[in-house]
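Undergrad: The lines below spell out each chain.
Number of protein chains: 4
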Amino acid sequence: MQIIMDAEALNAFLARDFPQVAGSYRVEQVEAQRLTARLSVDDAHLRPGGTVSGPSMFALADLAIYCAILARLGPVALAVTTNASIDFMRKPEAGRALIAECRLLKLGRVLAVGEALIFSEGSELPVARSSMTYSIPPKA
Amino acid sequence: MQIIMDAEALNAFLARDFPQVAGSYRVEQVEAQRLTARLSVDDAHLRPGGTVSGPSMFALADLAIYCAILARLGPVALAVTTNASIDFMRKPEAGRALIAECRLLKLGRVLAVGEALIFSEGSELPVARSSMTYSIPPKA
Amino acid sequence: MQIIMDAEALNAFLARDFPQVAGSYRVEQVEAQRLTARLSVDDAHLRPGGTVSGPSMFALADLAIYCAILARLGPVALAVTTNASIDFMRKPEAGRALIAECRLLKLGRVLAVGEALIFSEGSELPVARSSMTYSIPPKA
Amino acid sequence: MQIIMDAEALNAFLARDFPQVAGSYRVEQVEAQRLTARLSVDDAHLRPGGTVSGPSMFALADLAIYCAILARLGPVALAVTTNASIDFMRKPEAGRALIAECRLLKLGRVLAVGEALIFSEGSELPVARSSMTYSIPPKA
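Chains as they are written, first to last, in numbering that gives the first Met the number 0: chain A, 0 to 139; chain B, 0 to 139; chain C, 0 to 139; chain D, 0 to 139.
Just so you know, these hints were derived from the structure itself, not from any lab.
Each hint can be trusted.
Calculated cross-link-like contacts (lysine to aspartate or glutamate; reagent style EDC-like; alpha-carbon spacing at most 20 Å):
no. : chain 1 : residue 1 : chain 2 : residue 2
1   : D       : K90       : C       : D16
2   : B       : K105      : C       : E123
3   : D       : K105      : A       : E100
4   : C       : K105      : B       : E120
5   : A       : K90       : A       : E123
For each label pair, taking beta carbons as the anchor points, the in silico distance ranges come out as:
no. : chain 1 : residue 1 : chain 2 : residue 2 : range
6   : D       : L45       : B       : A43       : 46 to 54 Å
7   : C       : A11       : B       : P136      : 48 to 56 Å
8   : D       : P74       : A       : R108      : 40 to 48 Å
9   : B       : V109      : A       : L124      : 18 to 26 Å
10  : C       : A11       : D       : S122      : 31 to 39 Å
11  : C       : S39       : B       : I3        : 38 to 46 Å
12  : D       : P74       : A       : E7        : 51 to 59 Å
13  : C       : G49       : A       : Q1        : 50 to 58 Å
14  : A       : Q1        : C       : R108      : 27 to 35 Å
15  : C       : P74       : D       : I3        : 46 to 54 Å
Built from N, CA and C at the ideal position, the CB exists for glycine as well.
Excised from the complex, chain A in its bound form (with noise of 0.2 Å):
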């Protein structure tokens, strides 16, 4: 089970190809089954309370799984969500980062699913948990 990209490398790709994405979301650390990614939250994150949007978190999460099949396939790969599933558990606390912390679970020819949880960096109580599929395109 290769590495074909690291952290680096994931995060050029993003910062080429999903831009809008790339300032805020960083991949911090890759192995060949799991992945750690980071979102530094600012005020287009939050919603009314403090509290961190959804559609951030699934973005985090999303990121996380795509990045961890990038990591073993390389950047040709156009994987696409198919489906996702998410629980928000507790309320991320004011002020921090968000970790995601994912693994993938598998890697077939067809389908790829991964898992993520996501904490308050520091924080031991996740604050929300996902997983996703992804559908791998056939090889040209």
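Starting from the known structure of chain A, fit chains B, C and D onto it as the hints suggest.
TA: This is chains B, C and D only, laid out in the frame that chain A set:
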């Protein structure tokens, strides 16, 4: 089954409490169990290849179901999304708005459940489907 | 959008290939995008308090959506459930059959997606809602 | 974080209140946030091709997470599953028991959330993953 907030009241509420969102997302129509919302797609919602980003579709479904609950409970309610499931089924058509047609399936004392189908405007094949659960806070 | 297997053909298929299931679960009606299935509830499906077990409702939704796919593809297809999401919203009424009303949202080359609402027979308030994805095997 | 019911107490509870289930499903091990459960697969759980049925795997995950909650709250609690999401990722190996390794992610006043990975006994690649939410009834 009374409607407490109509489309105009919901859009005024969004403009005041969710200003980051209110520019692109709008409630179009409200009935007792159903609500239609619209995302005017611009560059901020797009991904490479011209597709609309998953988080933008998630946000549309979330807003539609949330507003369907507020339409019945009024603006006081601080309903919080606790679970979301979403299937991305087709690529949205380029240059079209997205329309969410949402239905409230349960409005309990503690939990509410709704579902939404998302279409490219003018198309009959759904781009995505989503179901979400909200926790309703106890009355003060 | 042609129907290849009608309710009678689907029930004969279930009786032959799923004998553990065919005694209690039945396809009632088949249209191009919709299918109705029925679970005749008996003691094996009940839980303490007289409610129908979650796995029995899961099985009903799964069977309904699976048969909606077979209705269109024919009995050769070995479609496999890859993802399921289910919300249990109300307690089923005692002594009533459960009815699943299912709709096919996508029937692609590789993936199919359907959703089902489950009702106590004669009631208009859904007991549960489910959406499921199936992987369609390549044609031999 | 105290354990109120251990594996023996949980299995006695299942034998008394869930007799249809207790023959095949067993709690193996209980810790504060984790629980292991086991399904001894027999013909009633099989589908054509020798695979374990989806509802049987759903039932295993449901039982594991439910027991992880009871382990902490005691047998009085009538927790009810409100949402379940499950991904079927690999075909279970023929003639092997299934093991669910479950983790409690949240045990709130109103809602509890847990997740489970299911393995063929002796294998390290997960067959399925599931997350479920339970509604906790108010104390009398």
